[in-house]
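Read top to bottom, the protein sequences are chains E and L.
When we follow the working numbering, the leftmost residue of the first sequence carries the number 140, and every step to the right adds one.
When we follow the working numbering, the leftmost residue of the second sequence carries the number 344, and every step to the right adds one.
Hints listed in this document are in silico derivations from the structure and should not be mistaken for laboratory results.
Treat the numbers as computed from the prediction; the structure is a model and nothing was measured.
Watch out, some of these pointers could steer you wrong.
[To be verified] So the derived label-pair ranges between C-beta atoms look like this:
1) Gln572(L) <-> Asp221(E): 21 to 31 Å
2) Ala544(L) <-> Gly400(E): 15 to 25 Å
3) Ala464(E) <-> Gln572(L): 53 to 63 Å
4) Pro421(E) <-> Gln594(L): 45 to 55 Å
C-beta atoms are modelled at their ideal positions from N, C-alpha and C, and glycine is treated no differently.
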Amino acid sequence: MSDLLLSVEGLTTEFHLPGFRFTAVDDVSFAVRRGETLGLVGESGSGKSVTAFSLIQLVAPPGRVTAGRVLFGDRDLLALSDAELCRVRGAEIGVVFQEPMAALNPIMRIGAHIVEALEVHGLARGAEARARAIDLLRAVRLSDPERQVDSYPHELSGGMRQRAMLAIALACGPPLLIADEPTTALDVTVQAAMLELLRSLQRESGLGLLLITHDFGVIAEMADRVAVMYAGRIVEQGPVRDVLQSPAHPYTRGLLESMPGGTPGQRLRAIDGTVPSPDARPEGCAFAPRCREARPGCSTVRPREVLLTESRRVTCHLYTGDVPAAADGQAEARA
Amino acid sequence: MTPLLEVAGLSKHFVTRRGWLRPPHTVRAVEDVSFAIAPGETFALVGESGSGKSTTGRCVLRLTEPTSGAVRFDGEDVLAFPPKRLRAARRDMQMVFQDPYTSLNPRMRAGAIVAEPLEIHRVGSSASRRDRVAELLALVGLDAAHMSRYPHEFSGGQRQRLGLARALALEPKFLVADEPVSALDVSIQAQVINLLMDLQARLGLTYLFIAHDLRLVRHIATRVGVMHQGRLVEVGPTAELFERPAHPYTQQLLASIPSLDPDARRRAS
Numbered sequence: 140m141s142d143l144l145l146s147v148e149g150l151t152t153e154f155h156l157p158g159f160r161f162t163a164v165d166d167v168s169f170a171v172r173r174g175e176t177l178g179l180v181g182e183s184g185s186g187k188s189v190t191a192f193s194l195i196q197l198v199a200p201p202g203r204v205t206a207g208r209v210l211f212g213d214r215d216l217l218a219l220s221d222a223e224l225c226r227v228r229g230a231e232i233g234v235v236f237q238e239p240m241a242a243l244n245p246i247m248r249i250g251a252h253i254v255e256a257l258e259v260h261g262l263a264r265g266a267e268a269r270a271r272a273i274d275l276l277r278a279v280r281l282s283d284p285e286r287q288v289d290s291y292p293h294e295l296s297g298g299m300r301q302r303a304m305l306a307i308a309l310a311c312g313p314p315l316l317i318a319d320e321p322t323t324a325l326d327v328t329v330q331a332a333m334l335e336l337l338r339s340l341q342r343e344s345g346l347g348l349l350l351i352t353h354d355f356g357v358i359a360e361m362a363d364r365v366a367v368m369y370a371g372r373i374v375e376q377g378p379v380r381d382v383l384q385s386p387a388h389p390y391t392r393g394l395l396e397s398m399p400g401g402t403p404g405q406r407l408r409a410i411d412g413t414v415p416s417p418d419a420r421p422e423g424c425a426f427a428p429r430c431r432e433a434r435p436g437c438s439t440v441r442p443r444e445v446l447l448t449e450s451r452r453v454t455c456h457l458y459t460g461d462v463p464a465a466a467d468g469q470a471e472a473r474a
Numbered sequence: 344m345t346p347l348l349e350v351a352g353l354s355k356h357f358v359t360r361r362g363w364l365r366p367p368h369t370v371r372a373v374e375d376v377s378f379a380i381a382p383g384e385t386f387a388l389v390g391e392s393g394s395g396k397s398t399t400g401r402c403v404l405r406l407t408e409p410t411s412g413a414v415r416f417d418g419e420d421v422l423a424f425p426p427k428r429l430r431a432a433r434r435d436m437q438m439v440f441q442d443p444y445t446s447l448n449p450r451m452r453a454g455a456i457v458a459e460p461l462e463i464h465r466v467g468s469s470a471s472r473r474d475r476v477a478e479l480l481a482l483v484g485l486d487a488a489h490m491s492r493y494p495h496e497f498s499g500g501q502r503q504r505l506g507l508a509r510a511l512a513l514e515p516k517f518l519v520a521d522e523p524v525s526a527l528d529v530s531i532q533a534q535v536i537n538l539l540m541d542l543q544a545r546l547g548l549t550y551l552f553i554a555h556d557l558r559l560v561r562h563i564a565t566r567v568g569v570m571h572q573g574r575l576v577e578v579g580p581t582a583e584l585f586e587r588p589a590h591p592y593t594q595q596l597l598a599s600i601p602s603l604d605p606d607a608r609r610r611a612s
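Go ahead and model the full structure; you've got the sequences and the hints to work with.
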C-alpha cells in the first residue's frame, strides 16, 4: 500500500475578470503522505489559500481551476461530481480556517456543528451523535466538554473556538486535514498549545496535514516538508530542515534573512520592493525584479522546476541553466 | 540620565453597563503600571491581546484618558495639561498606528495627509509646508512625486511609511508605535523596521514600541516591559529579560515562541 495520501499535479486556478485574467495558482505540484505535515508557506497574495480551496473545489467564480489533477486515493477530485465532492469534503478531508468566528455559524451551538457533520455523512445521529460530539471536544482538549457542547461560538475565546473548529473538522475521522493559518489569529501561548494538539492528534491517528501559514516559526515547529509559494508558483520545496538551513531559492533565502534573529540592533536584510500585483507579473520569474541574484534573462524566460536532489525541487534560473549569468561587461553595464 | 517619559501608577478602568438592572462591570484594562523611558531608548511593551499594552500607549499620549496615575514627559505632568497645552505637547509626542489601512483618511491625498499636522499647528507658509512634505516623504523612502496619490494606491508597507511621515512632520522627540509592522508581510516588515531604526539614529527619537512579536522586540528594543492582564509583570534590559526571565508568565511567553530551528522542536514528553 502506498502511503501517498494526496498528490497534486500541475494545478492551475485562474480568475477571469472583465478585461483581465490572472493566474492565482500557477502549475502547482506537491504531495502529502499519510501522517506527514506539508507546510505551504508564502506571503499574502502568494496563492496559498486559493491552492487549498482549489483542492476541494471551493473556489468561487470568477475563479476556476483550469488545469491539473488532484489525486486523492485513486480518485481525481477535479473530475468528481458535486454530489461526490460533498461526500469527500468533511468526511475524508477536514478543513480548519484562520478565523473561526467567520467559519462557525453564530446561531448554532458548537455541538450542533459536529452533529450536523456526523449526520450529513451518515455516521451517527441523535443521542449517539451528541455523545460523539462530546468525545471529540474532549479529544481537542476543550475544557468541560459536557458544558461547552451547548455553547454558542461567541461564548468561547479565540483559542477555544479554534479547538471547536478542529473538532468539527475531525468529526468524521478524515485522513487529511487542511489547516489554513490555524493559529494566526491566536496569541503565542495559545498557538503553542494548538500546535502541540495538532502534533499529538497526528501521532495518534496518522493524520496527513496540509498546513498553510506565512510564519516560518510555525513551519519549523510543525512541518516535515515545506513548499514555498511566491506569486502563484511553488518556488522551492523539500524537507523542512534542508530548506530552512540551506535555502536554495533567492526568495526563500531573502525571507529567512529578513527575519529578526541576528545581532540585536543591526539592520535587517530586507527584500527590496513589493510583491508584484497579479496584472503586473513579469513573463519570466515573478521574483526577478526583487532578486539580488537576478540575471538579464530572468524576467523574460519562465523558469522550470529543477530537481536538486530526490526530495528537493527549486524553480529558479540559478539552477535551470536556461539563462546564462551575465558576462562581466554586461554586469557592469547593469550596475 | 533623567527619563524623557515617566509613567507612575497608571491605571485605566473601563466601566461597561450590561443593561440597566444589572450592576455596572469594571474592566481593569491597565492596573498600576509604572516605567520610565530614557532619551534615545526603545522601550517595548509586550503581551498578548487584551493585556493592556495598547491602552497604556494611548494613555501616555492621552488619546485615552487614564483613570489614575501620573505621566511625566520632559519633567512635566502631561495629565495636568489643559487642552491647549496638551495640543502643543503633542508636537513632541506622536503615534504610529497598527493598521495602515484604517489609520489614513481614504479621501485625502498623501501630501495632504502628511501636511495636516503642519496645518493644525500652523507651521510655516503653504509653500514651505509643501517643501517640508516632500522632505518628509523622502525621509521615509517615498517618492515625492506620489504626493497626489490616495492611500489605496499605495501598498501596505508604503502606507505605513506614509503614517510614519505624518507622525514625524512636527519633529517629535517621542513616538508611540503600536504594532507598526504586524499587518505587513515578512519581507516588508524588515524594510519598515530598518526605517524605524535609521530614523531613530538620525533624529535621536525615543520609542515606546508596542508589539506581540517577541523575536522582533528582541531585535530592536533596549528594554522590555511584559504586560499580563493589565499589569506590568516584569521590566528589564532586553538581553537580560530574554536570557533570564524571572516572572513565570514571561517564561511561558518566551517558551511559546516557535523556534526557527526544526531540530529544536519541542517534543511532547
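Handout entry: List of violated hint numbers, smallest to largest
Key = 1
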